[in-house]
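Each protein sequence line maps, in turn, to chains A, B, C, D and E.
Heads up: the first sequence begins at 112 in our numbering, then just goes up one per residue.
Heads up: the second sequence begins at 5 in our numbering, then just goes up one per residue.
Heads up: the third sequence begins at 239 in our numbering, then just goes up one per residue.
Heads up: the fourth sequence begins at 182 in our numbering, then just goes up one per residue.
Heads up: the fifth sequence begins at 336 in our numbering, then just goes up one per residue.
Rather than coming from a laboratory, the hints here were simulated on the basis of the structure.
No false leads were mixed into what you were given.
Residues of chain B placed beyond 12 Å of chain C at every Cβ, according to the derived structure: (1) Gly45; (2) Ala52; (3) Lys78; (4) Pro79; (5) Ser90; (6) Thr95; (7) His121; (8) Leu134; (9) Tyr147; (10) Pro151; (11) Asn210; (12) Glu212; (13) Gly214.
25 Å max Cα-Cα, derived DSS-like pairs, lysine-lysine: (14) A:Lys247 x A:Lys308; (15) B:Lys106 x D:Lys344; (16) D:Lys237 x A:Lys387; (17) A:Lys334 x D:Lys322; (18) B:Lys120 x D:Lys344; (19) A:Lys281 x A:Lys308; (20) E:Lys464 x D:Lys474; (21) B:Lys183 x B:Lys78; (22) A:Lys308 x A:Lys327; (23) D:Lys322 x A:Lys327; (24) A:Lys413 x A:Lys451; (25) B:Lys152 x D:Lys344; (26) A:Lys381 x A:Lys150; (27) D:Lys237 x A:Lys350; (28) A:Lys248 x A:Lys327; (29) E:Lys383 x A:Lys114; (30) A:Lys114 x A:Lys150; (31) D:Lys322 x A:Lys350; (32) A:Lys357 x A:Lys253; (33) D:Lys322 x A:Lys357; (34) A:Lys451 x A:Lys426; (35) A:Lys114 x A:Lys426; (36) B:Lys159 x D:Lys474; (37) B:Lys94 x B:Lys106; (38) E:Lys506 x A:Lys206; (39) B:Lys120 x D:Lys474; (40) A:Lys206 x E:Lys383.
Using N, Cα and C, we set each Cβ at its ideal position, and we do this for glycine too.
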Amino acid sequence: AQKTVTLPWSGAITGPTSDAGASYAAGVEDYCKYANAQKMLPGVTLNCVTRDDQYNNANTQRNFEDFVGNLNAPVFLGYATGGALQLKSVIQETKIPTLTASYHIGIIDAPDNTYTFLPVSSYSENIVALLEYIAKKERGAKVALIVNPSPFGRDPVVDARKAADRLGLKITDVQEVGGNNLDNTALLKRLESQGAKYIINQNTAGPVANILKDAKRLGLLGKMQFMGAHYTGGEDLTKLAGDAAKDFIWATSYYLYDEGNQPGIQLVKKIGAQYKRGGDTIRSVHYTSGMLAAAIAIEAMKRAGNNPDAAGVYKGLISMNGSKSFNPGFAVGPVTFSAKDHIGAESLRLLQADATGNFKPITGAQRSALFQLVHPMK
Amino acid sequence: MTLSTPQPANAPPPQTSASHGDLTVNNVEVVYHDIIQVLRGVSLTVRAGQVTSLLGTNGAGKTTTLRAISGLLKPENGKIREGTISFDGKTLSALNGTDVVKSGVVQVPEGRRVFKHLSVEENLRAGAILGRGNWHADLERIYTYFPKLPTLRHKQAGYTSGGEQQMIAIGRALMAHPKVLLLDEPSLGLAPLLVAEIFDNVRRINREEGLSVLVVEQNANIALRNSDYGYVMENGRIVMEGLSAQLASNPDVKEFYLGVTEGGARKSFKDVKSYKRRKRWM
Amino acid sequence: MSQSSQLEVQGVTLTFGGINALTDVSLTVPPGEIVSIIGPNGAGKTSLLNCISGFYHPTRGRITFGHHDLSRAAPNVVTGYGIARAFQNLELFRGLSVVENMLLARHTHLRYGLLSSLAFYGRASRQEAENRAYVERVIDFMELEQHRSHPVGTLAYGIQKRVEVARALTLAPKLLLLDEPMAGMNVEEKEDMVRFILDIQREQGITVVLIEHDMGVVMDISDRVYVLDFGQLIAGGRPEVVSADPRVIEAYTGVAEEKQAVGV
Amino acid sequence: MDLLPQLLIAGVVIGSVYALAALGFVLIYKSSRVINFAHGQIIATGAFIAFALTQKGVNFWLAGLIAMLATFLLGMLIERVFLRRMVGEPIIAVIMVTIGLSSVIDGLIHLTPYGAGTFSFERPALLTGQGIELFGLPLSKTQIAGVLMALGLLGGFTYFFNKSTLGITMRAVADDQMAAMSVGTSVERVFALAWAAAGLTAAAAGVILGLMSGLTLGGLAGIGLKVFPVVILGGLDSVIGAIVGGMLIGILENLSAGYLDGIVPGGGTREVFPFIILIIVLLIRPYGLFGTKEIERV
Amino acid sequence: MPASRFTQTGNYRTRYAQDQTIFATYAEQLSLIVLIGLLLLLPLILPKTMLRDVNMIMIYAVAVIGLNITTGYTGLINIGQAAFMGVGAYATALAATRLNLPFFLAIPIGGIAGALVGTFVGLPSLRLKYLYLAVATLAFQIIFEWGVGHTPLLAQGGAISLPPVQVFGVKATFFNHNFVWYYLILPVLVVMGLLWRNVLRTKHGRSLIAVRDNDRAAAAMGINPGTAKIMAFMIGSFYAGIAGGLFAYFQKAVVIEDYGLHISIQLLAMAIVGGLGSLPGSFLGPLFIVTLDRLVGNGSQWLGAQNLFPAGVDVATALRPLSFGLAIVLFLMFEPRGLANWWRLSRLYFKKWPYKF
Ligand SMILES: Nc1ncnc2c1ncn2[C@@H]1O[C@H](COP(=O)(O)OP(=O)(O)OP(=O)(O)O)[C@@H](O)[C@H]1O
Ligand SMILES: Nc1ncnc2c1ncn2[C@@H]1O[C@H](COP(=O)(O)OP(=O)(O)OP(=O)(O)O)[C@@H](O)[C@H]1O
Ligand SMILES: CC(C)C[C@H](N)C(=O)O
Ligand SMILES: [Mg+2]
Ligand SMILES: [Mg+2]
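The shape of chain A in the complex, shown without the other chains (with noise of 0.2 Å):
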């Protein structure tokens, strides 16, 4: 007989940041019914839950409290960092392996931290992997980050500060930029004064398009090279800086809409016409990044047999390593997790803007040796 599991998800499909969570939903929630379609588990049926928190906590427990408690969701898939950070004493009490869209490193930091996975590398991660590029481009360089306020942006500085100290290079300032920032004159020519040639932003991607924009009409987009990471760049920057976003280097681990070749891609392609989405959702990288998470956590089910309860899924994704790795091509690298390792596709890319706002790799996957030492993992 058929057996029914539910794949849950919450997140901010309204409210703020619902620009990356709408898509986001729609790729996990796609994805879902595509597992379903495809019978890519034998035996069960998922019950695809795309749940609307408003990118407020408070629903967010909610939904998981209904999901786990009432629902039987074997795993859970979230997205705020706020949220997630909220539920890790809970996930590690009630055992439910957690993928979030967040890739704040704190997720899977100490304490309580034996459920929670990211599937691909992290904020931090993407930073110190820009650190590392511009050390190589020239010595000594001057770094300034600005940072979303919130725990979100704030997450990877430290991880950023000791990279820099071993690169060599000077972190200038660090500064918090949120969304209704309008006029970033006063930022931009302090930095300028402060001579930092080199901008990492770790934000969404409206603050650092006006950052963009403000700096195209200083004259300072020749002058100061501006980076970011995960959720900082893509279609977002593009649309909302325009020409502004020409020639910002963005570091993000999964492969792009125009990359048609990928079979991930494809794939994303494919399901977007069977489900009949908007072209602006299908190019998202966050539609992407949601078909990731659920086929991250349709794999573990798979791997857990007839059996996919929350301790199944949990031995089905540590089980994700070496020859077992798991590789659906949305990023650029397999997926691989064990009990020590929960991060998923540690590979990325750096990738920059064209004069048409397009991002091309200028780097093939790799991974960032020093993370590993300025943010051990226990």
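Keeping the supplied structure of chain A fixed, place chains B, C, D and E with the ligands upon it in accordance with the hints.
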């Protein structure tokens, strides 16, 4: 046209048919909030070119009567339930406040209500909103009636004295070129000299511009001295009316409104405790 | 009445942005008397009352009540000294009933803490009951029985004026300041109010300071009258003396009082 | 170092956008004593209408005009349907109605394709290309246009309120509605006009903001919040106050970002600094820099 | 004649002391006891997720009583109540994690911290009125959020986890968390409600209302308006602090997003929909707003599944704020006295039952 004795209210109005320019209130009933009935069939006439006074105890419905005429009942949640008010062939009771002003009837509200944060001159200009005539010339006209106002031109009205505020309020109403002016207790809280000054001015404007005036007053004394005809109101009804001079000699009016004993001497407030006489019309 | 409740105003000057509302005003209110202050509009009568009751603070000069200095005291402090006030333009709690308005006037007489009221036990409960009884006595006195539980805002103007006085009386003051309590009333209603004022003074021995424009009332019931004009004290003394003062006639009444009252 | 003049100029530029947004608040408050928490949403509505039209191929300037007309009508509609009933209700109730409306409009915008996501205007020819440079600070044509537009509108409204009979009457209505009615003012028409004018300026602010920093619902509506320190600082009922308050907040933000951020770990002081200054100013002048002092006499 | 107090329909009180009682009749008193009895049984019949909502409603109700104290009863518009909750939550979290205090001490500490900060923030109310004060509280909300974000001790707004509690030997786990907390929150709410009801009957409560209606007249009554306003802020934010402490434990961790501006606005909406300046309204408001949100959330999920709307439009995104906003607006337009008024009318009806009038 003159009366020998004050008439009970129910008798047909002694004056002959309404002439051109009269404001007539005919059997009007007003309720507030659909339940509180305040006016119970009020009829009165403001003759063209005359000053008419309306006396009555607190809460009798005098202010309500004025509001009914000027179309300002609605904001207070009041309604004319019965009866008509007409002026110059127009039925005022069917109009809203703006249209009543347009047809030439303007009320000076109780308690003066100047625009506190506006300067004196701006207060007057606000009276010219309907744009009849040239406001520049009108300002000068008002200033001739109230020579004190031009000296206060730029002072914030909230900081002027009570008498000055009353002048501003009347001046503001005159800016709208009324044919009938409704004054609600212009003497409220004013010193005796100012009360006299205000009434002198009202009289003067009445004479010089042929403006009809309906004045509601508690100070019966000065109101009757400065009006041609008068009404007394109690409990939502007109209980007495007549030429002002005649009303002033009515014993009830004398005792209850003018504070003189039947003998003609002024009662002393010191002895008020002794007795209370019932009003004859009640 | 002890000497301690005498009100002394000494050389008070009050300035608003360079303009003097009061200039060097000095006067005395002996205990137990009815003292009236008259004068044209804007003469500074209310301002003087405001200085006494702490709403304004004199720019110069001193006001004392017994041994208390009122010159810089806040209104609530002045009230605590036993000075109550009824306002010229009604300052009632319009949404509250008559009883509730009056209960508020008992504030300073209630002595229990926040903790006691959280539990509503012991002191708080006992004092509240006594208090209610006190308020009822004032309601009787001021003949407000039938309006007791009506929201004040819906009452007729004359009644509201009476509630103002009743509320001030509930404070159980030594000195009562009344600012035009009879404005907008006809003769009959004024008579009622006068009756209350006289009873307050005679039966309860409360000193009354009265501002009033009706010269009839002022002359009949005052023990002493002061006249303000443009912020300056221009006369003061027994009513019949003051009313005959030519400066008063010129500045204020315009005509001798008797003539004005009867001459129709 | 020419950082200071540059910061000041940049502050003026962004401040003029604040001022323009604040103007709508002031217009409504000045005549009806209503504070409009939905102003940010009206700004967003105006911006999105203009954007949607340009998407359909309508000329940018024409689209801007139509958007202004549309928000003009929207303002009127809001007044007619929601605010008119609230006349005479306590201030908190009226505030809450506008908070509720902000939510409603948010929801309605979400029913269009513009609720989620970010968009940007195709810049019209007139506004592309090199702007000017002041003290070594390059300013784009959009920014210059924003400043000019703000100053123009603000100057016009200042004149209107102080010199025209209608303007004076609008202030009179705020002071005492009943008295205003007694001389024939149609209070309803005044309110409708105020809301309509506020709507019109909102669309102008929205389009400029959209040109400068892109169109997102959150960003556009968020300016509604930003504008609070502006209007309170300037004085809620003062057009001049809106200008000065806007410029001041813009400058303060920039000064704090320019100097304070270097000292405070983590920086981001521009988010709070204006609010701190605001509280200090209020404690000294409780009705803002140019606001009318409430006349309170007992 | 106590017996007749069960059934009387009018005011037959004979002593002023009776006039101060909370309940006009024993029937009312009895029905409240029955209600509380029913409430005690509620968790046994409610589904788990609904129990969670009920807990949340109750915690918000504590905060809304507090908001009503400042805004409803004293008329000081407060757009920062969530920040006061936050102060309580962080204080509780620090007390529980750094000082290792048990919850029954940590939560009152949250209340006290709220009261202290509230008193301080209330100081501008000595000079500011109406909107100017409202914006000062808004400023506090923003400064609070920013301040937490810059304080490493508070994890810069990230999560501070609270230890699970143990009551009478029962440890709160994931599966009985809502159940345990229900029985902890309910008494707190009832006690907090009763305390405030008591204060309202005394000079302290009256003085707040007096200051709201007319602060000059209040001063003339010997009330120090400044003290009263500060007291209102103090008590109001004490309630917020307690609510914050409860919320911290209830959410198992404190993160800044739970105490943001939008929560302040939601609390205001709850107070208004419930009925400003009304104690029953403080319960009914949160009940209504939370329930509405659930219903709309579920309803729009269904609607969204019907494919009636063009792609790119998310119905839930639209309907949630739409219904929240409409609820506020409609209430204010048509029932400005809020749900409390319906409550009052229905009580009147039952009091007179079976007689119609
Ligand atoms: N807006 C209102 N709502 C309800 N009742 C009202 C309203 N306005 C007036 N009333 C009632 O109507 C009655 C008459 O009031 P009105 O103001 O017309 O009396 P008045 O004769 O002008 O008295 P006064 O001399 O005190 O001004 C009073 O009992 C008053 O309480
Ligand atoms: N708060 C204030 N600010 C500025 N000026 C004031 C203030 N209060 C009173 N004044 C001014 O002080 C003067 C005296 O006013 P006050 O109210 O004391 O007069 P009054 O004698 O009571 O007059 P009335 O008989 O009209 O009540 C007036 O010129 C008035 O404008
Ligand atoms: C999920 C993402 C949109 C990032 C989000 N700001 C977070 O909380 O981490
Ligand atoms: Mg009247
Ligand atoms: Mg006075």
